[in-house]
Amino acid sequence: MEKLILNPGKEELILVFIYFVLIIFILILLFIFSKIRIEIDNFEFNSQLKGFTNKNYKIYFKLYILKFIPILKIKIDDKKIRKKLKEDKFKAKTQKIEQDILSKKIQIGEFKNLDFEIKKFNLNLELGTENAFLTSMLIPIISALISILLGKKSKDVTNTKYIIKPIYINQNLIKILIFGIFDIKMFHIINILYSLIKKEGENKNERTSNRRSYDYGYE
1058 MEKLILNPGK
1068 EELILVFIYF
1078 VLIIFILILL
1088 FIFSKIRIEI
1098 DNFEFNSQLK
1108 GFTNKNYKIY
1118 FKLYILKFIP
1128 ILKIKIDDKK
1138 IRKKLKEDKF
1148 KAKTQKIEQD
1158 ILSKKIQIGE
1168 FKNLDFEIKK
1178 FNLNLELGTE
1188 NAFLTSMLIP
1198 IISALISILL
1208 GKKSKDVTNT
1218 KYIIKPIYIN
1228 QNLIKILIFG
1238 IFDIKMFHII
1248 NILYSLIKKE
1258 GENKNERTSN
1268 RRSYDYGYE
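Take 1058 as the starting number for the sequence shown in the working numbering and just add one per residue.
Calculated directly from the structure, the hints in this document are not laboratory data.
Each hint should be verified, as a subset may be incorrect.
Unchecked claim - Here are the simulated lysine-lysine pairs, DSS-like style, with alpha carbons at most 25 angstroms apart:
| # | residue 1 | residue 2 |
| --- | --- | --- |
| 1 | K1130 | K1107 |
| 2 | K1092 | K1242 |
| 3 | K1177 | K1143 |
| 4 | K1143 | K1132 |
| 5 | K1136 | K1146 |
Input sequences plus hints: build the corresponding full structure.
This is the structure:
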């Protein structure tokens, strides 16, 4: 039996390729089992304010690998958002997303499967409508929905707090002040993106097959 003898150059190339594949595989695993943390600090929405929001809020997007090692941090505040809104490219992208949602190219229902965990939640909500009876009915409904959501998505009740107040001033008013920390597993985000891409492909194939059937309809 003759043994296969590789010259040193080929052996090194094979080892480099194996190491490269292993590194890529490890990076993919780390990415899949990572999480995105969203931190909302002092965000206030007020329907009576010009621009509807306060100017001193901060929102952080943090990427963690293995759920506890931070590798990326993005800060968003009022100044950055208002600057972005003035850009023509951003306006065009926003309009495109709105059109896709209205035309159902983006299936909002897919996002109901997005799993997240509430690490911290502090909400102060004031609500009023032109109808006092409607206001009094909405308060317990909203309270019940928030309570159910916190019960399902929060593992530590001591880090959750919410106050909901009715306002009877015979006009529509909503004030929201929120502090929160939310964790989303990257695996669920990848799963949703895959579902959206898959449905888009199915819709394209369906449109193509329908177009072909119409082509033959006039023969």
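Here's how the hints hold up against the structure:
| no. | hint | verdict |
| --- | --- | --- |
| 1 | K1130 to K1107 | 30 angstroms, violated |
| 2 | K1092 to K1242 | 4 angstroms, holds |
| 3 | K1177 to K1143 | 32 angstroms, violated |
| 4 | K1143 to K1132 | 19 angstroms, holds |
| 5 | K1136 to K1146 | 18 angstroms, holds |
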